[in-house]
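Residue numbers (my numbering), protein chains in the order written: chain A, 3 to 113; chain B, 28 to 141.
Every clue listed holds true.
Restricting the straight-line Cα-Cα distance to at most 25 Å, the calculated cross-link-like pairs of lysine to aspartate or glutamate (DMTMM-like) are:
| id | chain 1 | residue 1 | chain 2 | residue 2 |
| --- | --- | --- | --- | --- |
| 1 | A | K55 | A | E71 |
| 2 | B | K32 | A | D106 |
| 3 | B | K32 | A | E64 |
| 4 | B | K98 | B | E85 |
Counterexamples of contact, computed for chain A against chain B with all Cβ distances above 10 Å:
| id | residue |
| --- | --- |
| 5 | E71 |
| 6 | R75 |
| 7 | S111 |
If you are wondering where the hints come from, they were derived from the structure by calculation, not from laboratory data.
For each residue, glycine too, the CB sits at the ideal point set by N, CA and C.
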Amino acid sequence: DVKVTQSSRYLVKRTGEKVFLECVQDMDHENMFWYRQDPGLGLRLIYFSYDVKMKEKGDIPEGYSVSREKKERFSLILESASTNQTSMYLCASSLSLQPQHFGDGTRLSIL
Amino acid sequence: DQQVKQNSPSLSVQEGRISILNCDYTNSMFDYFLWYKKYPAEGPTFLISISSIKDKNEDGRFTVFLNKSAKHLSLHIVPSQPGDSAVYFCAASANDGATNKLIFGTGTLLAVQP
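The shape of chain B in the complex, shown without the other chains (with noise of 0.2 Å):
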């Protein structure tokens, strides 16, 4: 049973246009979400998060927004760069205390036309 989706497997856009990436979950007990992006050949780096008690956090051209009611968050990217070229997981995590243990979307594979 997937608790983290992210339906959409590949997205293009033009570069200086928006990017918007998708997540959606199950698991309501999850307080904590976060957006890695992934290079081919190298390991995931963390992006930018949530807690539940926001709705938007911003830092610099990335926004995650999250819909609690909807069980959705999303990721916009602007303006778009082509470096911004690669797979992007989004994961949950239910406050467990101190593991930090993280449940993880299948990716979605942004491609930024220039």
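Extracted from the complex, chain A is given alone in its bound form (with noise of 0.2 Å):
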């Protein structure tokens, strides 16, 4: 079975902290994505990444970086922590043309 795995469960920050969000696959995908989960709003894409270093921007990237170093790992990056940015991020994986598997969430607050 894929696992993804997501660091953190919980992350309580403050306004302002840059902020990692770090998401583990162990099935070789290629694809990675971030997504985040707000009510009414369904899941959104912030960024996805096809290959080591590449990074596309989704949806809503404002606010947002990420880094993929290593093909396993997929990390997203909070410049500066907002209130706004008070969400659940979902970590997600594939191969090609396949769907994706995701990663049990990370519930983040911003005080």
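These two chains come separately, so use the hints to put the complex back together.
Okay, structure coming up:
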């Protein structure tokens, strides 16, 4: 079974802090994704990567950056956290033309 | 602009009956559609998919129907079970090669009453 592991289930940070969310997958998937889930808005794509060191903006990239130095790891970075970035963050991975597999999410609160 | 819409935020069904979840899309370039199920405090799990070359795909109790002319798909669950209670998201993709970028709907909360 595919395993997508997100480093924290719950995280509380302060406004202005630099925040790192880590995601690791164990199935050699080339594609990795970061979403945020908010009530009434569904899942919205922040960034994705289709190869090591490659990244593409999703629908809501503002205020975020990503890093993919190794194939199995995809990091989401909040450069200067703000309260409107309080959300559930979900990481996913996939092979080409295959369904995405998700981690269990990180609930991030920015105070 | 919401390209994938789930207009029913919630649905309540009796155990043993049919659950029908609906999804509409606006982008005619979408050619692959998926349904995901999400329990609280867990990530979404893939349920079933359909390519635009088909109009129906079935997997056990789950069937997805696609009406391309109406830009509409639906997920049927028969018979519904209490364990099916979850949020269901539909998602769509335009085949852009390898990247599998998905657009998700806002979700429908299904409650199956015992």
